[in-house]
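Residue numbers (this note's numbering), protein chains in the order written: chain A, 37 to 150; chain B, 15 to 131.
Bear in mind the hints are in silico, worked out from the structure with no lab data behind them. Don't take each hint at face value.
Only part of the chain B face toward chain A is listed, based on derived beta-carbon distances under 8 Å [claimed, not checked]:
1. Gly57
2. Glu58
3. Phe61
4. Arg64
5. Phe68
6. Asn72
7. Tyr78
8. Phe82
9. Lys118
10. Leu119
11. Gly122
12. Lys123
Using N, Cα and C, we set each Cβ at its ideal position, and we do this for glycine too.
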Amino acid sequence: ETGVTQTPRHLVMGMTNKKSLKCEQHLGHNAMYWYKQSAKKPLELMFVYNFKEQTENNSVPSRFSPECPNSSHLFLHLHTLQPEDSALYLCASSPSGSSYNEQFFGPGTRLTVL
Amino acid sequence: AQKVTQAQTEISVVEKEDVTLDCVYETRDTTYYLFWYKQPPSGELVFLIRRNSFDEQNEISGRYSWNFQKSTSSFNFTITASQVVDSAVYFCALSEESQGGSEKLVFGKGTKLTVNP
Chain A
37 ETGVTQTPRH
47 LVMGMTNKKS
57 LKCEQHLGHN
67 AMYWYKQSAK
77 KPLELMFVYN
87 FKEQTENNSV
97 PSRFSPECPN
107 SSHLFLHLHT
117 LQPEDSALYL
127 CASSPSGSSY
137 NEQFFGPGTR
147 LTVL
Chain B
15 AQKVTQAQTE
25 ISVVEKEDVT
35 LDCVYETRDT
45 TYYLFWYKQP
55 PSGELVFLIR
65 RNSFDEQNEI
75 SGRYSWNFQK
85 STSSFNFTIT
95 ASQVVDSAVY
105 FCALSEESQG
115 GSEKLVFGKG
125 TKLTVNP
């Protein structure tokens with residue numbers, strides 16, 4: 037596998053379910069990101085991890101819980117979500133957290149909350 | 015606060031036409047970076063170009079060209095002789111380093127480009 041992969045690609049869950057999104061990067065990068073892309077809204081940065089440490093939490097509700105066990109893997113744990121949380125969740129990585137670096141994105145997980 | 019405005023929500027052109035996608039940004043920083051990304055129907059964003067705030071040279075890469083004008087805070091993207099494969103959503107983004115030392119990308123809302131045969 038190369039680049040940034042995300043699983044699952046599609047997820048439908050009820051408001052009381054608990055699920056997790058997984059992101060893996062095979063680029064040797066040290067920074068990883070979660071973004072939310074809703075219809076008619078700009079991409080919103082959710083979390084940033086730099087060398088496994090969380091360096092950014094963009095006022096994300098606690099029903100979203102990130103986890104970064106190592107520089108190659110990033111998870112987003114979901115629980116008691118709301119229908120308005122339905123969106124495309126994109127993971128990205130970059131060589132480091134420097135603003136100079138472009139970010140490499142995965143294909144996203146299309147989440148539907150019923 | 016940073017802001018990126020892509021005023022064109024959707025553009026539709028016929029193949030071989032030239033098309034320009036507009037991007038206007040706001041920032042108080044003197045050092046920043048601007049990016050363009052392409053999002054095809056498959057979903058993943060593809061990096062196209064990066065420009066730093068001190069380099070106002072225009073850039074050309076094949077059919078793509080970028081016009082960075084600091085005086086008007088604009089970073090426009092032109093596709094020459096458009097092709098059907100150029101159909102995608104294009105995002106302009108502005109980056110700066112946050113206090114935590116990590117990069118923050120602020121995206122515009124995107125412009126959906128449809129190139130018809």
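Quick rundown of the hints versus the structure:
no.	hint	verdict
1	Gly57	holds, 4 Å
2	Glu58	holds, 4 Å
3	Phe61	holds, 4 Å
4	Arg64	holds, 6 Å
5	Phe68	violated, 12 Å
6	Asn72	violated, 19 Å
7	Tyr78	violated, 15 Å
8	Phe82	violated, 16 Å
9	Lys118	holds, 6 Å
10	Leu119	holds, 6 Å
11	Gly122	holds, 6 Å
12	Lys123	holds, 5 Å
Violated hints, listed in ascending order, are 5, 6, 7, 8; each of the other numbered hints is respected by the structure.
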